[in-house]
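Undergrad: Whole structure, please, built from the sequences with the hints as guidance.
The chain contents come next:
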Amino acid sequence: MTDPRLPAAYLVPGSSSFSEFLSQQAPELLPSHRSLPPGSAADLAPHGTTIVAATFDGGVVMAGDRRATMGNVIAQRDIEKVFPADEYSCVGIAGTAGLAVEVVRLFQTELEHYEKIEGTTLSMDGKANRLAALIRSNLGLAMQGLAVVPLFAGYDLTTSQGRIFSYDVTGGRYEETAFHAVGSGALFARGSLKKLYRDDLDAQGCVTAAIQALYDAADDDSATGGPDLARRIFPVVGVITAEGYRRLPDDEVAAIADLVVGARMLRPDGPAASLT
Amino acid sequence: MSMPFYVSPEQLMKDRADFARKGIARGRSVAVLQYADGIVFVSENPSQALHKVSEIYDRIAFAAVGRYNEFENLRIAGVRLADMRGYAYDRRDVTGRGLANAYAQTLGTIFSSGGEKPYEVEIFVAEVGDTVEDDQIYRLTYDGQVADEHGFAVMGGNTEAVTGHLRENYRPGSSLGEVLQLAVGALGQSDAGSRVIAAADLEVAVLDRTRSQQRKFKRLSAEHLASLLGERVGEEAGRHAAGDSTNPSNTDQSRNRDQEQPPVAPPVAPPVSPQPQQPPQPSDPVTPPEHPDVYPPVDPGDPLR
Numbered sequence: 001m002t003d004p005r006l007p008a009a010y011l012v013p014g015s016s017s018f019s020e021f022l023s024q025q026a027p028e029l030l031p032s033h034r035s036l037p038p039g040s041a042a043d044l045a046p047h048g049t050t051i052v053a054a055t056f057d058g059g060v061v062m063a064g065d066r067r068a069t070m071g072n073v074i075a076q077r078d079i080e081k082v083f084p085a086d087e088y089s090c091v092g093i094a095g096t097a098g099l100a101v102e103v104v105r106l107f108q109t110e111l112e113h114y115e116k117i118e119g120t121t122l123s124m125d126g127k128a129n130r131l132a133a134l135i136r137s138n139l140g141l142a143m144q145g146l147a148v149v150p151l152f153a154g155y156d157l158t159t160s161q162g163r164i165f166s167y168d169v170t171g172g173r174y175e176e177t178a179f180h181a182v183g184s185g186a187l188f189a190r191g192s193l194k195k196l197y198r199d200d201l202d203a204q205g206c207v208t209a210a211i212q213a214l215y216d217a218a219d220d221d222s223a224t225g226g227p228d229l230a231r232r233i234f235p236v237v238g239v240i241t242a243e244g245y246r247r248l249p250d251d252e253v254a255a256i257a258d259l260v261v262g263a264r265m266l267r268p269d270g271p272a273a274s275l276t
Numbered sequence: 001m002s003m004p005f006y007v008s009p010e011q012l013m014k015d016r017a018d019f020a021r022k023g024i025a026r027g028r029s030v031a032v033l034q035y036a037d038g039i040v041f042v043s044e045n046p047s048q049a050l051h052k053v054s055e056i057y058d059r060i061a062f063a064a065v066g067r068y069n070e071f072e073n074l075r076i077a078g079v080r081l082a083d084m085r086g087y088a089y090d091r092r093d094v095t096g097r098g099l100a101n102a103y104a105q106t107l108g109t110i111f112s113s114g115g116e117k118p119y120e121v122e123i124f125v126a127e128v129g130d131t132v133e134d135d136q137i138y139r140l141t142y143d144g145q146v147a148d149e150h151g152f153a154v155m156g157g158n159t160e161a162v163t164g165h166l167r168e169n170y171r172p173g174s175s176l177g178e179v180l181q182l183a184v185g186a187l188g189q190s191d192a193g194s195r196v197i198a199a200a201d202l203e204v205a206v207l208d209r210t211r212s213q214q215r216k217f218k219r220l221s222a223e224h225l226a227s228l229l230g231e232r233v234g235e236e237a238g239r240h241a242a243g244d245s246t247n248p249s250n251t252d253q254s255r256n257r258d259q260e261q262p263p264v265a266p267p268v269a270p271p272v273s274p275q276p277q278q279p280p281q282p283s284d285p286v287t288p289p290e291h292p293d294v295y296p297p298v299d300p301g302d303p304l305r
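Order-wise, the sequence lines are chains A and B.
The opening residue of the first sequence carries number 1 in the working numbering; numbering runs sequentially from there.
The opening residue of the second sequence carries number 1 in the working numbering; numbering runs sequentially from there.
Note that these hints are calculated values from the structure, not bench results.
Each residue gets a CB set at the ideal place from its N, CA and C atoms; glycine is no exception.
Among these hints, one or two may not hold up.
Stated by the list, open to error - Just a few of them, taken from the derived set where beta-carbon distance is under 10 Å, the chain B residues facing chain A: (1) A49; (2) I76; (3) R80; (4) G98; (5) A104; (6) Q105; (7) T106; (8) G108; (9) T109; (10) Q213.
TA: So this is what it looks like as structure tokens:
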């Protein structure tokens, strides 16, 4: 920034997409514009693991564990992987932590930029599609082992309901009903939610089910961290309703996690579902 | 074959300044005022869609008068600049000062380039701080001059009557409701008298430092605005006869005065910025009340005038 004037390109009317503007003005800031030497880079950087989300009547809950791993090493115990994307949506990320955080920051800026320039927010599907485009442009990096797989959830103001979208590394976008999970522990978390989730759960119930699911994921997947009782580190939980995004305070999450862990002391496999 | 005429640089600049000022003076005014919890922008703007006041970044907002296409262009450039800097560095590194500087350089270059017509705009860039003392309000004129404002400031057409009213009645540290009523009363002032601006014709936005969100900018909804303004005498008359002067005994101004007895003139001169930045106005073409018809008349239906 040697010239204090606004560059001419800034004054050209045109796209209201920040990532498009960035690709013309400062492509080096886009994660997708980086080229890597051939070979796998998968073991270079920490990976984030399990994210779960579930809808309830009037909103949606997203929770993520706190562990980042690098091979067999726990790289970080208290990483945060669930972020508000804007006032009515949030995004959780699994995959290469550094890139994922960058993609989230770009996505947040993208939504805010659109909102400020156009004077209105994107629709829920519009947001989901923008995120798909950002993930798609990362395909080259994903093929070298630096994949980023987000889970996107939000409250749709037009239909007044919580919605969940999952993605694959090619930018495929899939709407999920009721609940979903991504990351290395997702299989176990999804299996757990399958048995625990009910349509009539409220926000509190959904948070409990999500924490149970993360516990089950940590139980069977070494890369997912369970509630850390010694250090008092608990999952990050975001709740989105018509009032907007709210991150649950740590003590609320701790209270629920303590109940879950207490019950597991008596029955380590968690609540039993009825056979029929 | 035509002969090139010699035009002195003074005359050239003066002509360009006159041109820009005329364009700006045709518009309705925008007032910006500090209150206890932040900064409020008030303007008369019947359009719900085309805004004069907008958000730039977390703590920074933008207000403009003049040509819509020109200030819209500047606004978008400001959003891009702010988002770019916030993304490349950090959200805290986006400052109102940096933005005001970029605008000033841009406007100044265009004004003196000669190749382009000068922008017919005036801009406020305001940044809300953690305390009233940290608030910053910058006024940028068409020629790229920057003035640092304190307390309140007005731009657009007819600023003298509005500023005069504010200077008499503004008190630092007032609540949002108080400054809003004051500003709306002030915007209704003109040389021809005063009128009450209908709530539906107001565009009001605040930078509220007490907001828990990172983004402090908020537009006031119609209900919130109505509750803050309270019952106003003569609102209906103002609505139907916008632009006409209503009976002075029935105006907002007289009502404000009645309520505020004894008149609370601050002991010290109100915090108006020293005005060295104001360009010397040799023959101010903005407000010659004798010849209002020289300029294209204000179209009451035009949302941005």
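Undergrad: With reference to the structure, classify each hint as holding or not holding.
TA: Now for the hints, and whether the structure bears them out:
| no. | hint | verdict |
| --- | --- | --- |
| 1 | A49 | 7 Å, holds |
| 2 | I76 | 6 Å, holds |
| 3 | R80 | 5 Å, holds |
| 4 | G98 | 9 Å, holds |
| 5 | A104 | 8 Å, holds |
| 6 | Q105 | 4 Å, holds |
| 7 | T106 | 5 Å, holds |
| 8 | G108 | 9 Å, holds |
| 9 | T109 | 6 Å, holds |
| 10 | Q213 | 8 Å, holds |
In this structure, none of the earlier numbered hints is contradicted; all agree with it.
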